[in-house]
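*Asks:* Starting from the given sequences, assemble the full structure and let the hints guide the process.
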Amino acid sequence: LEGKVLAMIFDKPSTRTRVSFDVGMRQLGGETIMLTGTEMQLGRSETIADTAKVLSRYVDAIMIRTTSHDRLLELTENATVPVINGLTDETHPCQLMADIMTFEEHRGPVAGKTIAWTGDGNNVLHSLLEASARFRFKLNVAVPEGSEPAQKHVDWSKANGGKLKFTRSPEEAVHEADCIVTDCWVSMGQEHRARGHNVFLPYQVNAALMAKAKPDALFMHCLPAHRGEEVTDEVIDGPHSVVFDEAENRLHAQKAVLAWCLGA
29 LEGKVLAMIF
39 DKPSTRTRVS
49 FDVGMRQLGG
59 ETIMLTGTEM
69 QLGRSETIAD
79 TAKVLSRYVD
89 AIMIRTTSHD
99 RLLELTENAT
109 VPVINGLTDE
119 THPCQLMADI
129 MTFEEHRGPV
139 AGKTIAWTGD
149 GNNVLHSLLE
159 ASARFRFKLN
169 VAVPEGSEPA
179 QKHVDWSKAN
189 GGKLKFTRSP
199 EEAVHEADCI
209 VTDCWVSMGQ
219 EHRARGHNVF
229 LPYQVNAALM
239 AKAKPDALFM
249 HCLPAHRGEE
259 VTDEVIDGPH
269 SVVFDEAENR
279 LHAQKAVLAW
289 CLGA
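Every position in the sequence shown, counted from 1, becomes a number in this note's numbering once 28 is added.
For the record, the hints were derived by calculation from the structure and aren't laboratory data. Keep in mind the model is a prediction, meaning the values are calculated, not measured. Careful: at least some of the hints might be erroneous.
As the list claims (entries may be wrong) - List time: in silico DSS-like cross-link candidates among lysine-lysine, alpha-carbon distance up to 30 angstroms: (1) Lys166 to Lys193; (2) Lys81 to Lys191; (3) Lys32 to Lys81; (4) Lys193 to Lys242; (5) Lys81 to Lys166; (6) Lys186 to Lys240; (7) Lys193 to Lys180; (8) Lys40 to Lys81; (9) Lys166 to Lys240; (10) Lys141 to Lys166; (11) Lys283 to Lys40; (12) Lys193 to Lys240; (13) Lys240 to Lys141; (14) Lys191 to Lys180; (15) Lys40 to Lys180; (16) Lys141 to Lys186; (17) Lys283 to Lys240; (18) Lys32 to Lys242; (19) Lys166 to Lys191; (20) Lys191 to Lys240; (21) Lys166 to Lys186; (22) Lys166 to Lys180; (23) Lys32 to Lys141; (24) Lys180 to Lys141; (25) Lys191 to Lys141; (26) Lys141 to Lys242.
Said to hold, decoys possible - What follows is a set of in silico ranges between Cβ atoms, one per label pair, in the way DEER data are often shown: (27) Asp261 to Gln179: 33 to 43 angstroms; (28) Leu192 to Val33: 38 to 48 angstroms; (29) Pro137 to Ser73: 41 to 51 angstroms; (30) Thr108 to Glu200: 46 to 56 angstroms; (31) Glu59 to Leu229: 24 to 34 angstroms; (32) Glu132 to Ala187: 21 to 31 angstroms; (33) Leu229 to Glu176: 11 to 21 angstroms.
Idealized CB from N, CA, C, for every residue including glycine.
*Replies:* Written out as structure tokens, the structure reads:
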């Protein structure tokens with residue numbers, strides 16, 4: 029991607045997304061420009077539509093990590109260069125690409141396998157629902173009442189062949205699972221959705237819950253993890269955990285996205 033420039037827009041703080049896209053673009057021979065919401069006044073002093081049109085004259089692609097999925101859509105509708113979803117409050121597709129890559133590195137093809145989700149029905153789960161249909165794995169979901177994923181993502185997955193099971197019981201969800209996935213109970217920028225930790229405590233991934241899955245089951249988490257909340261130290265630092273392989277694979281998966289978007 030020599031001579032190509034990626035604009036990276038961040039509405040919210042980032043470690044993995046920022047570093048992996050920056051390093052990935054550089055490894056492919058391109059360059060990056062980082063823009064924060066405060067620097068750009070995105071959608072405030074200038075409309076998102078105008079920002080998209082201007083940036084399209086300067087750069088070859090745009091990556092945005094934002095608290096608003098609507099911002100992503102408006103940016104995409106008005107840009108004339110590829111726009112990459114680095115994360116929104118609704119979806120996190122780049123994470124799922126890394127997750128699928130990580131699973132298949134360790135356990136072979138994910139098709140036909142069983143993945144279990146326990147915790148909050150958030151953006152990562154929404155992308156996992158889509159991935160279950162695209163990659164043909166069974167997805168068991170355990171979330172507390174009131175924390176269900178958005179119905180449109182469930183409906184899309186089912187309409188496209190997703191094999192889904194929903195339960196209130198994390199033990200039922202992880203039974204014979206090939207992989208257990210979770211995320212923090214309150215996502216950054218979603219504090220208004222916060223519920224008492226007592227509601228989520230039964231959904232914690234600990235040694236007892238891991239023991240309900242297959243003996244060689246993997247544990248995944250997109251990070252950052254709130255140790256002692258959604259996962260215990262024993263699990264995240266234990267032999268089932270592949271969370272740091274996931275983090276590394278963000279780099280490799282996103283290099284593939286960049287190469288595809290920019291025609292390499």
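*Asks:* Tell me if the straight-line CA distance from Lys166 to Lys191 falls inside 30 angstroms.
*Replies:* holds (5 angstroms)
*Asks:* Okay, Asp261 versus Gln179 on CB: inside 33 to 43 angstroms?
*Replies:* holds (35 angstroms)
*Asks:* Check the hint pairing Lys40 with Lys81 against an upper bound of 30 angstroms on the C-alpha distance.
*Replies:* holds (22 angstroms)
*Asks:* Sort out whether Lys186 lies within 30 angstroms of Lys141, counting only the CA atoms.
*Replies:* holds (17 angstroms)
*Asks:* Holds or violated: Lys141 with Lys166, Cα cutoff 30 angstroms?
*Replies:* Answer holds: Lys141 to Lys166 is near 6 angstroms, not above 30 angstroms.
*Asks:* Assess, step by step, whether the Cα of Lys193 is no farther than 30 angstroms from the Cα of Lys180, and give holds or violated.
*Replies:* holds (16 angstroms)
*Asks:* Is Lys81 within 30 angstroms of Lys166, Cα to Cα?
*Replies:* The hint is violated at about 41 angstroms.
*Asks:* Checking one constraint from the list: CA of Lys32 to CA of Lys81, max 30 angstroms. Satisfied?
*Replies:* Distance of about 18 angstroms is within 30 angstroms: holds.
*Asks:* Is it true that the CA of Lys283 sits at most 30 angstroms from the CA of Lys240?
*Replies:* Since the Cα atoms of Lys283 and Lys240 sit roughly 36 angstroms apart, the hinted pair is violated (cutoff 30 angstroms).
*Asks:* Going straight from one Cα to the other, do Lys40 and Lys180 come out at no more than 30 angstroms?
*Replies:* Holds: Lys40 and Lys180 sit about 25 angstroms apart, inside 30 angstroms.
*Asks:* Cβ-Cβ distance between Pro137 and Ser73: within 41 to 51 angstroms?
*Replies:* holds (49 angstroms)
*Asks:* Would the hint linking Lys180 and Lys141 be met if the CA-CA limit is 30 angstroms?
*Replies:* Roughly 24 angstroms between the alpha carbons, so the hint for Lys180 and Lys141 holds.
Violation of the numbered hints given earlier is confined to hints 2, 5, 17, 18, 23, 31; the remaining hints are satisfied by the structure.
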